[in-house]
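Novice: Take any residue in the sequence shown, note its place counting from 1, add 9, and you have its number in the numbering used here.
Treat the hints as calculated values from the structure; they're not laboratory data.
Predicted model, so just to flag it, every value in this text is computed and none were measured.
Among the hints, a few may not be true.
What the hints assert, rightly or not - The list that follows gives simulated cross-link-like pairs (lysine to any residue, SDA-like), each with its CA atoms no further than 20 Å apart:
hint : residue 1 : residue 2
1    : Lys-212   : Tyr-61
2    : Lys-212   : Ser-257
3    : Lys-212   : Val-180
4    : Lys-212   : Ala-58
5    : Lys-212   : Ala-136
6    : Lys-161   : Leu-65
7    : Lys-97    : Ser-85
8    : Lys-161   : Gly-182
9    : Lys-161   : Val-146
10   : Lys-161   : Gly-184
11   : Lys-97    : Arg-140
12   : Lys-212   : Pro-330
13   : Lys-97    : His-107
14   : Lys-161   : Ala-186
15   : Lys-97    : Gly-81
16   : Lys-212   : Asp-59
17   : Lys-212   : Asp-125
18   : Lys-161   : Ala-66
19   : Lys-97    : Trp-108
20   : Lys-212   : Val-135
21   : Lys-97    : Leu-65
22   : Lys-97    : Asp-59
23   : Lys-97    : Ser-141
24   : Lys-161   : Phe-211
25   : Lys-161   : Asp-59
26   : Lys-161   : Ser-257
27   : Lys-161   : Ala-62
28   : Lys-212   : Thr-71
29   : Lys-161   : Ala-178
30   : Lys-161   : Gln-189
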Amino acid sequence: MAAAVALIWVAIAFAAAFATARASPARAGAGCGTASASTVAIVDSTVTADIYANELAGVEVTADLAHVTGAGDLVSAVASGNRPAVLKAVSRIVFHPHWHIVRLRVLDSTGAVLADVGGPYVVAPVAGVLRSGARVVGSFVMSVQDDAGVAKLESRFVGDPIGFYAHGALVVGLGAALPQRLPTSSTVTLGRVAFRSVDQTFKAFPDGTVNAVIFVAPSPHTLTAEPCTTVRAQEFGRVAARLAQLASALAEHYHDYAATVRIYTGAEVFVRRGGTQLASTDGGGPPVLPTGGAVTYDGVSWLVSSFEPRGSTRVYLLIPPG
């Protein structure tokens with residue numbers, strides 16, 4: 010699953026206190042018009058890619074690599090070539106109640122598979138070696154997430170329908186009745202509505218690729234009238250607001266929340282109550298932040314989006330230039 014700082018936002022229910030949170034838009038320049046849909050799609054695909062990247066190299070991945078390489082029973086079994094013992098050790102690791110390794114394949118020093126335990130549709134494989142002392146006795150491939158898990162995270166964080174396609178066929182789909190075959194067009198009709206499809210290629214387990222396709226709904230007319238910079242900032246802000254909605258005790262976890270938003274959006278996050286800063290991903294930040302528009306900080310012009318998860322407390326996102 011996702012990094013440790015994000016775990017508290019994933020499994021908990023939406024809090025009613027944040028149900029009306031919205032990003033504050035900037036209003037300057039010409040309307041984005043028909044480009045608004047592609048602008049939103051770029052943001053949503055960026056967040057989806059960040060979800061995948063965190064499953065490939067997040068802090069939980071580092072912890073789980075240590076669980077595998079530090080498993081004495083596994084190393085001993087591989088070193089002796091004892092296949093039943095290897096299978097027992099691999100099963101213990103995969104089905105551990107407090108770890109989230111969805112699949113683990115272990116090989117001997119010649120590359121022969123000794124055990125392979127886990128689900129069929131898995132992404133973000135990470136490879137490593139097994140050592141007994143200084144001697145390499147085998148290798149492994151593990152993953153902390155499957156296709157369904159990434160789809161659930163995208164559904165919670167972004168909210169677009171999403172499908173995973175293996176060899177062109179749909180294997181996981183959430184959010185709508187999706188095409189059974191990998192779309193070949195950038196526009197797909199779902200329920201008589203024309204969605205924009207965005208196809209990303211992720212690594213499959215243990216090798217090969219899988220296609221992750223998000224389906225982005227058309228933008229409302231009120232959004233198309235905004236400048237594209239506003240559309241972009243507002244969409245990142247919408248994702249940040251959804252992450253806030255996933256927190257049952259946001260006020261006690263602003264630092265974790267800010268770090269989580271940083272992981273999945275790339276934005277710098279500042280949480281302030283009046284003149285008091287409650288949390289930050291980048292030190293003190295600008296002394297004054299507008300609720301929308303742009304601000305220059307550290308010599309860079311950033312887009313700004315913000316919302317109030319609760320009265321008198323405001324979350325500000327400084328969004329990197331696009």
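Novice: Which of the listed hints are broken here?
Specialist: Per hint list: 2, 9, 12, 21, 22 violated.
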